[in-house]
Amino acid sequence: MNHDPFSWGRPSDETYGTYNNTIASASPFPKMNTQQPIITGTSVISMKYNNGVIIAADNLGAYGSLLRFNDVERLIPVGKRTIVGVSGDVSDMQHIEQILSDLEIENNYDNSYADDEETLKPSYIFEYLSTLMYQRRSKMNPLWNAIIVAGVEDDKPFLKYVNLLGVTYSSPTLATGFGAHLAIPLLRRVIDREEDIESTNLELAEKTILESMKVLYYRDAHSSRKFSLAIIDKEQGLVFKKGLQVENMSWKFAKDIKGYGTQKV
Amino acid sequence: MFRNNYDGDTVTFSPTGRLFQVEYALEAIKQGSVTVGLRSSKHAVLVALKRNADELSSYQKKIIKCDEHLGLSLAGLAPDARVLSTYLRQQCNYSKLVFNRKLSVEKAGHLLSDKAQKNTQSYGGRPYGVGLLVVGYDNSGPHLLEFQPSGNILELYGSAIGARSQGSKTYLERVLKDFTEIEDVNELIKVGVEAIRQSLKDETLTVDNLSIAAVGKDLPFTVYDGELVRPFL
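One line per chain: the protein sequences are A and B, in this order.
First residue of the first sequence? That's 1 in the UniProt record's numbering, and the numbers climb one at a time after it.
First residue of the second sequence? That's 1 in the UniProt record's numbering, and the numbers climb one at a time after it.
Everything labelled a hint here was simulated from the structure, so no lab data went into it.
Glycine residues also receive a C-beta, built at the ideal position from the N, C-alpha and C atoms.
Please note that the accuracy of each hint is not assured.
What the hints assert, rightly or not - With a straight-line Cα cutoff of 25 angstroms, these simulated DMTMM-like cross-link-like pairs (lysine to aspartate or glutamate) come out:
id, chain 1, residue 1, chain 2, residue 2
1, B, Lys102, A, Glu206
2, B, Lys115, A, Asp102
3, B, Lys96, A, Asp256
4, B, Lys107, A, Glu104
As the list claims (entries may be wrong) - Label-pair distances were calculated between CB atoms; the ranges are:
id, chain 1, residue 1, chain 2, residue 2, range
5, A, Leu165, B, Asp9, 46 to 56 angstroms
6, A, Ser112, B, Asp178, 19 to 29 angstroms
7, A, Ser27, B, Gly17, 58 to 68 angstroms
8, B, Asp178, A, Asp155, 44 to 54 angstroms
9, A, Tyr169, B, Gln117, 15 to 25 angstroms
10, B, Asn100, A, Lys80, 16 to 26 angstroms
11, B, Gly125, A, Tyr109, 17 to 27 angstroms
12, A, Lys242, B, Glu187, 28 to 38 angstroms
13, A, Gln135, B, Arg126, 31 to 41 angstroms
14, A, Gln36, B, Arg126, 53 to 63 angstroms
15, B, Pro220, A, Leu165, 33 to 43 angstroms
16, B, Asn100, A, Asn141, 57 to 67 angstroms
Model the full structure from these sequences, guided by the hints.
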């Protein structure tokens, strides 16, 4: 007998139908990980002030340059004193949202101190997320996001950043994406160093963030006018403002911008 | 030939609704030497009486540290206690590594409880033959838990398990009002040592057979053995 299976032939076409060639022409990759984000959220911007932190992100989910979804909430509250702001891939953000929700349920289950001493603190959530982000990048399958965790812990403002590479850092002012280029210089006009936090009140911080959101809407093509803003104040707790709009715009400068499109410079 | 038809495994109830294997496990605790636990509003303390097999042998370890803020003492089968303390250590490390968070004593209790209960609900297994006193200091302050092989966890101000532990318990009940207010950890340890004296039979407390541990705010879990216990004798 010929033991080579290739010489045994195939079941007859009349009985079993023709061979399905899509099997043979399947993807050459056994598995493919994320190569690029698909639906994306743009910048998240945030800053500390004397009594807490303030964080903002717009409500757009862009499909490339198409402004596809205009009702995406990218600020995720966790517990009573933490906001997780997510930019980058929206489906990965939704995965993170699910994980954070599970985390909160798990923490509150059978926990007599869930409301105060043993609640999920911003630092716990940040440590978890940074571990998760680094683990995923080490599997060569990153969650394609840049994340800011903002909150109040032990009556002190908490603000930290982690991204798809698992890189982490902290600063009194933080922004992701385009905001890191456009908003940070504006935020640093108010808070340049650690000492400036004490002399910055909520009113000034909120005004600075609103102004930065305006500049981002002016210059970031993948941003929307509608945005959300959250304040975590050590006295007031979490104040979540949704459906805000960039106000008092002046587009007068636009007509003088040259060097793109069909214009002759 | 058999004393009882319903004590062969942990999954068969007796007609009166009892699980004999679990009850025997509870008895195993009483074979171990006594250990006392107590807590004030500031600290939690463990005191244990160590036993040696004979005059020439060393004393069996009674207190095991799990983390900087958590530890336990045991009465019963020491190997079972090692399994459980190793498990708690893993859980403490996990919490520290993934959440940068001290494992809360309450959570530790629930983890132990779930692990012990599983043994009583599958065929071929046996319950742990050890009782534990778990002490720790977490975000909500000092805590003392008593763990039983049945999967029960009790939070208490004072407790004692092991041989003749009733004497210590009665003593602690009598002085409960006084020791819960004690600020100084050394004073609290003295109450614990006095409590354990109530459970002694022929033996006397020495630097060799007494083991003490304390934990509190600004006091990581510390075990006092040998010469370190002399001031408390």
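Notebook entry, point to check: Against which earlier hints does the structure fall short, listed by number upward?
Noted result: Hints 1, 3, 8, 9, 12, 16 contradicted; others consistent.
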